[in-house]
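Asks: Each chain is listed here by its residues.
There are 2 protein chains.
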Amino acid sequence: MAEKQQDVIFVGNKPPMSYVLAIITAFSSGNIKDITLKARGQAITTAVDVAEITRSRFIKDLKVSKIAIGTAEMPPREGENKSRMVSTIEITLLK
Amino acid sequence: MAEKQQDVIFVGNKPPMSYVLAIITAFSSGNIKDITLKARGQAITTAVDVAEITRSRFIKDLKVSKIAIGTAEMPPREGENKSRMVSTIEITLLK
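Going line by line, the protein sequences match chains L and V.
When the letters of the first sequence are read in order and numbered with my numbering, they come out as residues 955 to 1049.
When the letters of the second sequence are read in order and numbered with my numbering, they come out as residues 955 to 1049.
Just chain L, with the same shape it has in the complex:
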């Protein structure tokens, strides 16, 4: 089996600590070298919090190797007929 070296974690509405724990668990499995946090809309702030909490409190040698922002098209809400644009962020953490 090929070793998995990268992981993606989608950040949503859960408390930041659930994602921090997911990162710590993934890195401690030993095979993972980098993890990309992906978030959109209001969860962007949570993703930044997660990266900062993990780096300052738990994994001191963690580096933010890349941050990218973008826009994604979301399907229209019920009763509306225009699709919405939401901002996205991708934060890559490297150990």
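FYI, nobody ran anything at the bench for these hints, they're computed from the structure.
Please note that the accuracy of each hint is not assured.
If several chains are the same, the list does not tell them apart, and a pair holds so long as it fits within one copy or across any two.
[Said to hold, decoys possible] Derived DSBU-like pairs: lysine-lysine, alpha-carbon spacing no greater than 30 Å straight-line: (1) K1036 to K987; (2) K1014 to K1036; (3) K992 to K1017; (4) K1036 to K1017.
Assemble the complex: chain L is given as a structure, and chain V must be docked to it using the hints.
Replies: Chain V only, in chain L's frame:
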């Protein structure tokens, strides 16, 4: 008088379009080569929206030249005695 080539815009609770307009105005003054958006806490999402709206709708040749995240210490809220940590973002736009 020395020419000002950089500008900083602090993104807070106003609607994204106010900051988009501030960016367009600053760039159209002619002297500004890059603008850094600074935001913290929930305004981080607004800052990303502002960068994305400006780039996709108004200034097509705008580049995001740098994104940095960090943590800032905020004074405690009234009635509390612990200072709070908030995440911050800096997005540099280059024309």
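Asks: Look at each hint and say if it fits the structure.
Replies: Hint check:
For a Cα distance limit of 30 Å, the shortest separation of K1036 from K987 qualifies neither inside one copy, at 40 Å, nor across copies, at 35 Å. With identical chains, the CA atoms of K1014 and K1036 are at most 30 Å apart between copies only, with a shortest distance of 23 Å across copies and 44 Å within one. Taking CA atoms no more than 30 Å apart as the test, K992 paired with K1017 passes in both settings, with 16 Å inside one copy and 21 Å between copies. With identical chains, the CA atoms of K1036 and K1017 are at most 30 Å apart between copies only, with a shortest distance of 28 Å across copies and 39 Å within one.
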